[in-house]
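Chemist: In order, the protein sequences belong to chains A and B.
If you count the first sequence from 1, position 135 lands on 135 in our numbering, and the numbers rise without skipping.
If you count the second sequence from 1, position 20 lands on 20 in our numbering, and the numbers rise without skipping.
For the record, the hints were derived by calculation from the structure and aren't laboratory data.
Under the rule of at most 16 Å between Cα atoms (straight-line distance), these lysine to aspartate or glutamate pairs were calculated in the EDC-like manner:
{"#": "1", "chain 1": "A", "residue 1": "Lys241", "chain 2": "B", "residue 2": "Glu304"}
{"#": "2", "chain 1": "B", "residue 1": "Lys109", "chain 2": "B", "residue 2": "Glu215"}
{"#": "3", "chain 1": "A", "residue 1": "Lys241", "chain 2": "B", "residue 2": "Glu307"}
{"#": "4", "chain 1": "A", "residue 1": "Lys188", "chain 2": "A", "residue 2": "Asp6"}
Predicted model, so just to flag it, every value in this text is computed and none were measured.
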Amino acid sequence: MQSLFDKRVLLVTGKGGVGKTSVAAALAIAAARVGRRVLLTELDAEPGRQSSLAGVFGLRELPAKRREIGEGVYGEMVRARTGHEIFLSRILKVRPLIRAALASKSLSRFLEAAPSFTEMGVYSHVIDLAVREKKGELENELVVIDMPATGHMIGIAELPELLISLLESGPVVRGLSAVREFVADPDKVAACVVTLPEQLPISEAGELAAELQQRGVPIGAILVNRWRRFPFDEEQWAALKSLENAGELAGMHRARGARDSEAALQRLSVRTHAPLYRFDDTALTRAEVARHIADQIPAGDGPSGALQEGDS
Amino acid sequence: MTPLFERQVLVCCGAGGVGKTTVSTALALECARRGQRVLVLTIDPSRRLAETLGVRRNLDAPVAISAETLDSLGMSGASLDAWMLDPQRVSEITVDRLAPNRESAERLKANRMFRNVSAMIAGMQEYTAMEALHEFSTAGRYDTIVLDTPPARNALAFLDGPERLERLLDRRILALFERAEHTSGIRRAAAELIARVMTAVFGEKNWDDLQEFFELFAPILEQLRQNAGAMWERLDNPELTGFLVVASPLAESVADCEVFIQEASSRRIPLAGVVVNRVHVGHPEAVMPRELIAARPDLRVALERLEQFAEDEALIAARDAAAIHDVQARVGANAHVVALRDRGAGAAMLSVLAGVGRELGEALDRPLRRS
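One chain only, chain A, in its complex shape:
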């Protein structure tokens, strides 16, 4: 498998509370450490509100214009409005029309009220980040995106499809077909599904991965956060269980979780044909977790080494 850091866009996704934001930041930091020009961004940022992703770099929100936010990582806030401008200027070759369209308050209000068009704007901005060039070189070799927590990811993944089937023809459809091709190219795009070594999150990650694959989004990796190796052999485990029979023994709950989740993680990796990367962390702050995880991603070719398994 081609290294994750050789892709152009990493979509970091997962259900709420699995540590997705820390992993996204960690991937960007690790990519910068091996010399990639990497840009980190998030969808769904609300201007003016504290962004947890920006918080990893000690900022309140990502900068409006691309600049370094720390440790060699660049940031730029994705905005639907910027995306609309990019999109319209690409599909409408007639300059005065673009100006008329963007100057119309009612039209921009409509585009904001209709979520598909908002997301389309977001999409256009993201693609632009990935393909933008400066002096004949890619401005960003790699774009790492912290995706929204809920079912939204699916929304974004199916958006081109939805709009193409909705609009059938016309300039918007031509623009979106290009987007769809880009997102489905496994050399360029990989979804990184973040999960926890627990039964429910693993099954939710499995559903998420299946839905993404169904929509043509390639899965690049399954990343397991807050992982701890199950460190006992059969004999030790049996002895601990008999101790537990005598009275409640702290640690057994999580140890049992580590044991049970291992098999489920292996199955998930096989089913999605995606390698498994496990990161251990403790309950530190998000910023510490991001660096702690980045430290576990060895230099060279993306997450690998002792923690990686199931590479195909």
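Got chain A sorted already, so can you dock chain B onto it with the hints?
Modeler: Using the frame of chain A, we list chain B on its own:
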């Protein structure tokens, strides 16, 4: 004041991924156990929950949870219906009911833009949920309706839904879609310019469909807005309604919950309680592995390794306890704060949910220590 479990409407708000549907179902089970005739209404539920309840999704009307299922929960004779709907289906049902005539209903349902209306229009899901609530709460078939609000990025989305749709119903926006031939004078010139831009953006056929969509749908949206307005007046009434916000012990969720609490108080929403879900509880009576090393030197290596897991457990339990403390400080004495421990995959089992319901019931029955 009417006890929470006897109010007509219980609304569960919360961001995606906190287990809102689980809490709604548990609440509904508890209301049914207490003898109410209950409907649990969910928009866009997970497949798993529908399977748990033994109910199919997207039916045209609510269905009863089977007597066998209720018997197995020790709730023989209880009455619990569920309706689990895809927002698009709710929109269609709404159009059937509210369109001025059959012909325009059929034309609208055949319109390509309408066929994706729930994805196209922000706030549509919240609106359709309100519409369904409005219909059932005026029909009198149920004593209690538990509304599981549509999946959203944050708990506030449900309160904000109407406002978002309002923006789309703005006359200036609707004017964009007016057909040039229906206007005259300056407005006609403006309409023609807009038509040129829109045709260039969307293509001619799509522009046509968009115009038809707004022409047919605007009056229905207007009706929806009125019904929602009427419904909101009842939702404001603590005799009739109770709001619960569901959160998880994670920092973002606690912050989201805080925003909701502030808004609820400024909008005079009757907030009955905050449910902190998926809490990891500590086991103070559990023995720490290292304490056993002296007695079992043969297991030293294993016990030392287990100690790490025990420390993890303690850290997580402490973090969750701090989150609950935080929520309590924000809520004050005005509403309940209920912590529900993490049930793992058990949350998909009806018997577990019935137990959760009972726990919720006991906690929410306790009198508040108002200052």
